[in-house]
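Participant: In case you want the letters, here they are:
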Amino acid sequence: MTGFFTLLYKELLRFWKVGFQTVFAPIVSTLLYLMIFSHVLEEHVEAYPGVAYTVFLVPGLIMMSMLQNAFANSSSSLIQSKVTGNLVFVLLSPLSHTEVFFAYVLASVARGLAVGMGVYLVTLAFFDVPLASFTWVFMFALMGSALLGAIGVIAGIWAEKFDQLAAFQNFVILPLTFLSGVFYTIRSLPPFWQGLSHLNPFFYMIDGFRYGFFSVSDTSPYISLGIVATCFVGVSWLTLLMLKTGYKIRH
Amino acid sequence: MTLAIEVKQLHKRFSNLQALGCVDLEIEAGEFFALLGPNGAGKTTLINIIAGLTLPSSGSARVMGYDVVAAYRQARRMLGVVPQELVFDPFFTVHETLVIQSGYYGLKNNGRWIDEILHHLDLTGRAGANMRTLSGGMKRRVLVAQALVHKPPVIVLDEPTAGVDVELRQGLWRFMKQLNRDGHTIMLTTHYLDEAEALCNRVAMLKQGHIVVLDSIRNLINSLSGCLLRLRLVPDVLPPALLPLANSGEEGYHILALKDYSQLEGVMTALRMAGTQVLEMGVLQPDLEDVFVTIMGGGGSKGPATVLA
Numbered sequence: 001m002t003g004f005f006t007l008l009y010k011e012l013l014r015f016w017k018v019g020f021q022t023v024f025a026p027i028v029s030t031l032l033y034l035m036i037f038s039h040v041l042e043e044h045v046e047a048y049p050g051v052a053y054t055v056f057l058v059p060g061l062i063m064m065s066m067l068q069n070a071f072a073n074s075s076s077s078l079i080q081s082k083v084t085g086n087l088v089f090v091l092l093s094p095l096s097h098t099e100v101f102f103a104y105v106l107a108s109v110a111r112g113l114a115v116g117m118g119v120y121l122v123t124l125a126f127f128d129v130p131l132a133s134f135t136w137v138f139m140f141a142l143m144g145s146a147l148l149g150a151i152g153v154i155a156g157i158w159a160e161k162f163d164q165l166a167a168f169q170n171f172v173i174l175p176l177t178f179l180s181g182v183f184y185t186i187r188s189l190p191p192f193w194q195g196l197s198h199l200n201p202f203f204y205m206i207d208g209f210r211y212g213f214f215s216v217s218d219t220s221p222y223i224s225l226g227i228v229a230t231c232f233v234g235v236s237w238l239t240l241l242m243l244k245t246g247y248k249i250r251h
Numbered sequence: 001m002t003l004a005i006e007v008k009q010l011h012k013r014f015s016n017l018q019a020l021g022c023v024d025l026e027i028e029a030g031e032f033f034a035l036l037g038p039n040g041a042g043k044t045t046l047i048n049i050i051a052g053l054t055l056p057s058s059g060s061a062r063v064m065g066y067d068v069v070a071a072y073r074q075a076r077r078m079l080g081v082v083p084q085e086l087v088f089d090p091f092f093t094v095h096e097t098l099v100i101q102s103g104y105y106g107l108k109n110n111g112r113w114i115d116e117i118l119h120h121l122d123l124t125g126r127a128g129a130n131m132r133t134l135s136g137g138m139k140r141r142v143l144v145a146q147a148l149v150h151k152p153p154v155i156v157l158d159e160p161t162a163g164v165d166v167e168l169r170q171g172l173w174r175f176m177k178q179l180n181r182d183g184h185t186i187m188l189t190t191h192y193l194d195e196a197e198a199l200c201n202r203v204a205m206l207k208q209g210h211i212v213v214l215d216s217i218r219n220l221i222n223s224l225s226g227c228l229l230r231l232r233l234v235p236d237v238l239p240p241a242l243l244p245l246a247n248s249g250e251e252g253y254h255i256l257a258l259k260d261y262s263q264l265e266g267v268m269t270a271l272r273m274a275g276t277q278v279l280e281m282g283v284l285q286p287d288l289e290d291v292f293v294t295i296m297g298g299g300g301s302k303g304p305a306t307v308l309a
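Taken in order, these protein sequences are the chains called A and E. Take 1 as the starting number for the first sequence in this note's numbering and just add one per residue. Take 1 as the starting number for the second sequence in this note's numbering and just add one per residue.
The set of hints was computed from the structure by calculation and includes no laboratory data. The beta-carbon is built from N, C-alpha and C at its ideal position, and this holds for glycine as well. Please note: incorrect hints may appear among the correct ones.
FRET-style restraints, in silico, Cβ to Cβ [as the list claims (entries may be wrong)]: (1) E/Q74 <-> A/F24: 39 to 45 angstroms; (2) E/A257 <-> A/H97: 55 to 61 angstroms; (3) E/S223 <-> A/K244: 16 to 22 angstroms; (4) A/A25 <-> E/G297: 55 to 61 angstroms.
Listed next, the in silico EDC-like pairs over lysine to aspartate or glutamate satisfying Cα-Cα at most 16 angstroms (straight line) [stated by the list, open to error]: (5) A/K17 <-> E/E96; (6) E/K139 <-> E/D182; (7) A/K82 <-> E/E85.
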């Protein structure tokens with residue numbers, strides 16, 4: 001287990017050493033979203049009855065920042081190690097593919113939770129955001145970050161250059177996040193787009209996470225959690241297979 | 001006795017390139033072994049397969065008896081590899097790098113050994129420095145240190161002295177000799193054949209993915225019969241009788257290739273008959289480089305058998 005904990009420690013230390021960029025910067029940019037959208041839309045939209053738009057927006061933005069940062073952590077760490085060549089130190093070591101997988105995913109979860117917690121604490125100073133069930137909030141935060149951490153491992157292994165990773169982020173992760181109901185409730189969408197949104201796993205993460213705050217959601221949180229957990233298991237299986245066979249990293 | 005490295009019928013193919021073709025190699029524990037060959041001969045591929053960085057197409061490799069694929073955890077614990085490229089993690093200091101590397105091998109309190117390696121590699125003063133701030137030579141030393149954190153019985157160095165200054169090179173070899181005396185098996189690749197000749201007891205020469213020579217350095221040099229005679233003459237003209245022996249000369253010198261020492265007498269007689277005075281004479285012993293050139297030069301794209309014959 002020492003090997004696993006060392007890799008986890010190294011991954012945590014890596015983002016913590018540049019915490020200004022990896023934790024503080026995303027907190028600031030998320031708050032900017034919050035300020036701008038709440039200013040523009042506050043009077044026009046009421047997503048749930050009795051819930052102000054800004055307050056509705058807060059959980060969505062927290063989740064979005066967690067997902068993006070969890071993805072960024074494992075993917076950027078892996079691509080940097082691949083491009084600079086220092087991944088060789090992990091590959092030469094007796095660490096198993098399972099240990100490598102969990103170390104990268106847990107480090108991603110840690111960064112996701114750190115950013116999410118930061119955003120939440122700062123918003124508390126400005127808005128009165130209810131917290132109906134900490135358990136639901138935590139479950140979705142954990143599963144969402146873990147899923148995106150695992151997807152980040154896949155992207156980091158698959159990408160050979162930084163621009164390929166950027167493409168993955170801009171054309172897969174970003175649209176899925178933005179179109180998942182961060183800024184709106186999908187009930188406001190036409191039926192076709194509502195149906196389409198239900199195919200987006202990111203929707204269930206945001207919806208379930210929001211349920212933890214307001215006890216209101218578009219889909220039952222049990223179903224949402226089940227879908228997110230299923231996605232995590234599927235993605236993890238694929239990631240472990242890639243690591244085990246040495247896809248793109250052991251030639 | 002356990003073999004430090006045992007490679008059996010190893011093949012490696014990269015899409016349409018045959019990198020290794022049926023390599024068999026046994027290195028006994030305690031050897032100081034050199035893997036030689038021109039660029040692209042397959043040295044690094046062979047090392048990478050032994051290290052588990054590359055998967056073989058067929059065949060097997062073992063380190064201290066452990067299969068590098070089936071029992072990779074044990075095999076990797078037995079092996080320390082110094083990679084050819086100067087790689088480092090820019091987020092960490094030298095000391096952090098070594099503590100982390102120890103942890104990967106399951107070692108928690110490795111401080112004393114880390115300090116000892118730092119001392120041997122003359123890195124103690126830079127232990128707290130970030131990897132980014134180190135010079136190329138310093139980074140190379142850290143790579144060596146990283147390969148040694150878990151005291152591996154088998155150490156593999158892939159061109160450790162490429163682009164390294166004389167002082168570091170000598171220091172590095174001193175340290176490797178000491179480790180070899182302490183019982184570590186050492187395998188290296190290098191393009192400096194004098195280094196291999198001075199350090200190693202056995203060599204393998206790779207050519208186009210095949211081992212074409214595998215022998216002790218003494219045997220290899222002895223296998224080149226004859227010697228070279230280096231002469232400075234007045235007048236500076238070779239008597240016609242000696243022209244058939246003439247080898248590529250250098251400015252002001254004549255080099256004669258002799259099949260054996262008994263030919264020496266004939267040479268002296270020919271010179272005396274021609275009235276040529278000998279200003280300077282030296283006998284050149286063949287060295288590993290001559291062996292290397294003979295083996296790599298001959299044969300072109302012929303298979304290993306023809307080259308050996």
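Participant: It remains to establish, for every hint, whether it holds in the given structure.
Facilitator: Hints and how they fare:
1. E/Q74 <-> A/F24: 39 to 45 angstroms: Hint holds: Cβ distance 44 angstroms, inside 39 to 45 angstroms.
2. E/A257 <-> A/H97: 55 to 61 angstroms: At 58 angstroms between Cβs, range holds.
3. E/S223 <-> A/K244: 16 to 22 angstroms: violated (46 angstroms)
4. A/A25 <-> E/G297: 55 to 61 angstroms: Taking Cβ atoms as reference, A/A25 and E/G297 lie about 60 angstroms apart, which means the hint holds.
5. A/K17 <-> E/E96: holds (13 angstroms)
6. E/K139 <-> E/D182: violated (25 angstroms)
7. A/K82 <-> E/E85: Since the Cα atoms of A/K82 and E/E85 sit roughly 13 angstroms apart, the hinted pair holds (cutoff 16 angstroms).
Of the numbered hints listed earlier, those contradicted by the structure are 3, 6.
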